Each structure stands twice: as C-alpha cells, then as structure tokens.
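Engineer: Single-letter residue listing:
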Amino acid sequence: MSHIVQIQTQVRDATAVDAACSRLGLPPPVQRTAKLFSSTATGLTVQLPEWTYPVVFDVATGDVKFDNYNGRWGQQQELDRFLQAYACEKAKIEARKKGHTVSEQTLADGSIKLTIQVAGGAA
Amino acid sequence: MKIIEVTVSPKGETRIETKGFAGGECRRASRSMEAALGVRASEQLTTEFYQQSSVRQSLKEGQA
Chain A
1 MSHIVQIQTQ VRDATAVDAA CSRLGLPPPV QRTAKLFSST ATGLTVQLPE WTYPVVFDVA
61 TGDVKFDNYN GRWGQQQELD RFLQAYACEK AKIEARKKGH TVSEQTLADG SIKLTIQVAG
121 GAA
Chain B
1001 MKIIEVTVSP KGETRIETKG FAGGECRRAS RSMEAALGVR ASEQLTTEFY QQSSVRQSLK
1061 EGQA
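Each protein sequence line maps, in turn, to chains A and B. Heads up: the first sequence begins at 1 in this note's numbering, then just goes up one per residue. Heads up: the second sequence begins at 1001 in this note's numbering, then just goes up one per residue.
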C-alpha cells in the first residue's frame, strides 16, 4: 500500500441515489418539496423504512435535511445504511466510467469493500 | 497490479487505499474517487510511499 485517505461522504449524484434506493429496496427518490414536521425542504427526497418524514438531499451542495426527532421518528441506523449504499454505488459508477473492474465484498464488521483493479495499470 | 480499495463502514464513512502505485502516482489515482465521494477528512502516506520516493531519488542522484 502507499496511500490511505478517509472521506466524509457527501450525497451529490442523483444517479447514485437512485441506485442506492434500488439496492436497499426503497422507493425511487423523488425531486420535490417535502414537509419536515414544522419546516419544508426542497431536493431529492428518499423515504427510509419507518421514518415519519423523508430525508432531503440537495445534490448541488451536498446538504442533507431531515427531522427524525433524535431517533423517535426514524432510526439513525437507516440513514447510515443508506449512506453506505450510496457511497458504494457512487464508487462503482466512478470506477466503471474509467473502465476499471470492480468487485465487492461484505466484511465481518458490516463494512463493504470494493476492490477496483485499475484498467491497463494506469489511473 | 494497481489497485484502489474503497471500504465503506456501516456508518457510511469511506476509506480509500491505493496499492501498487509508485510514489505520488497513488495520489493522482485516487483523487477523482475522493472528489466523487465527498470531502477528505484525513490522509496518511504509508511506508511504501516514502520507500518508492527515495528509490527514485537515489536513481536520480546516481544518474547525476
């Protein structure tokens, strides 16, 4: 190995959001203005399992808006699971755009490892 | 073989690791993936990075 980078995931790709919903068996995302208890937010909305209000992603800025009332109106774990699926799908889309080969493996701790073999040995 | 490993934790945090690249080439290889996934929280250069850089440096010095 020669280089390790930690990334804080930002949701900025509508195609990858759609792929993440499909991967998790969620309804497809919808671009709309959604009610979040006492406020509203406009963006790409995703309805997570058992969540009262949808999560709203502004893919132009990477902002995420939701109101789960500290877990009472939706478990954080569901949002985490969505972000994991999004990051995997986004990484696969980017790798394939460059012609790289991708294989996927689920690890014992629940992490998902993507091994990207660089096409022709070049980045 | 040049490999980029992307590991996504159950909380959605991502770690990108490059393998088999020489020196700074690994940074160029992972840059587009980093930008696509979000913002960089930290970076760690491994022993191999420095070893490969110093081999190159030794070669240059030998040629001079």
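Calculated directly from the structure, the hints in this document are not laboratory data. Be a bit skeptical, because a hint or two may be false.
[Stated by the list, open to error] In silico DSBU-like pairs for lysine-lysine, Cα to Cα no more than 30 Å straight-line: (1) B:Lys-1019 <-> B:Lys-1002; (2) A:Lys-97 <-> B:Lys-1002; (3) B:Lys-1019 <-> A:Lys-98; (4) A:Lys-113 <-> B:Lys-1002; (5) A:Lys-92 <-> A:Lys-113; (6) B:Lys-1002 <-> A:Lys-35; (7) B:Lys-1002 <-> A:Lys-92; (8) A:Lys-113 <-> A:Lys-65; (9) A:Lys-113 <-> A:Lys-97; (10) B:Lys-1019 <-> A:Lys-97; (11) B:Lys-1011 <-> A:Lys-97; (12) A:Lys-35 <-> B:Lys-1011; (13) A:Lys-98 <-> B:Lys-1002; (14) A:Lys-92 <-> B:Lys-1011; (15) B:Lys-1011 <-> A:Lys-113; (16) B:Lys-1019 <-> A:Lys-113; (17) B:Lys-1011 <-> A:Lys-98; (18) A:Lys-65 <-> A:Lys-92; (19) B:Lys-1002 <-> A:Lys-65; (20) A:Lys-98 <-> A:Lys-113; (21) A:Lys-65 <-> A:Lys-35.
The model shown is predicted, which means the values in this text are computed figures rather than measured ones.
Engineer: Each hint should be assessed against the structure and marked as holding or not.
Structural biologist: Results of checking the hints against the structure:
1. B:Lys-1019 <-> B:Lys-1002: 6 Å, holds
2. A:Lys-97 <-> B:Lys-1002: With Cα atoms ~17 Å apart, Lys-97 (chain A) and Lys-1002 (chain B) stay inside 30 Å; holds.
3. B:Lys-1019 <-> A:Lys-98: 18 Å, holds
4. A:Lys-113 <-> B:Lys-1002: 16 Å, holds
5. A:Lys-92 <-> A:Lys-113: 11 Å, holds
6. B:Lys-1002 <-> A:Lys-35: 47 Å, violated
7. B:Lys-1002 <-> A:Lys-92: 17 Å, holds
8. A:Lys-113 <-> A:Lys-65: Holds, because 28 Å separates the two Cα atoms, which is no more than 30 Å.
9. A:Lys-113 <-> A:Lys-97: 19 Å, holds
10. B:Lys-1019 <-> A:Lys-97: 20 Å, holds
11. B:Lys-1011 <-> A:Lys-97: Measuring from Cα to Cα gives roughly 26 Å; hence the hint holds.
12. A:Lys-35 <-> B:Lys-1011: At roughly 25 Å apart (the allowed maximum being 30 Å), Lys-1011 (chain B) and Lys-35 (chain A) satisfy the hint.
13. A:Lys-98 <-> B:Lys-1002: 14 Å, holds
14. A:Lys-92 <-> B:Lys-1011: The given pair, whose Cα atoms are some 18 Å apart, holds under the 30 Å limit.
15. B:Lys-1011 <-> A:Lys-113: The hint holds at about 14 Å.
16. B:Lys-1019 <-> A:Lys-113: This hinted pair holds, its Cα atoms lying about 14 Å apart.
17. B:Lys-1011 <-> A:Lys-98: The given pair, whose Cα atoms are some 27 Å apart, holds under the 30 Å limit.
18. A:Lys-65 <-> A:Lys-92: 25 Å, holds
19. B:Lys-1002 <-> A:Lys-65: Status violated; Cα separation ~38 Å.
20. A:Lys-98 <-> A:Lys-113: 19 Å, holds
21. A:Lys-65 <-> A:Lys-35: At roughly 11 Å apart (the allowed maximum being 30 Å), Lys-35 (chain A) and Lys-65 (chain A) satisfy the hint.
Comparing the model with each numbered hint stated earlier shows that hints 6, 19 do not hold.
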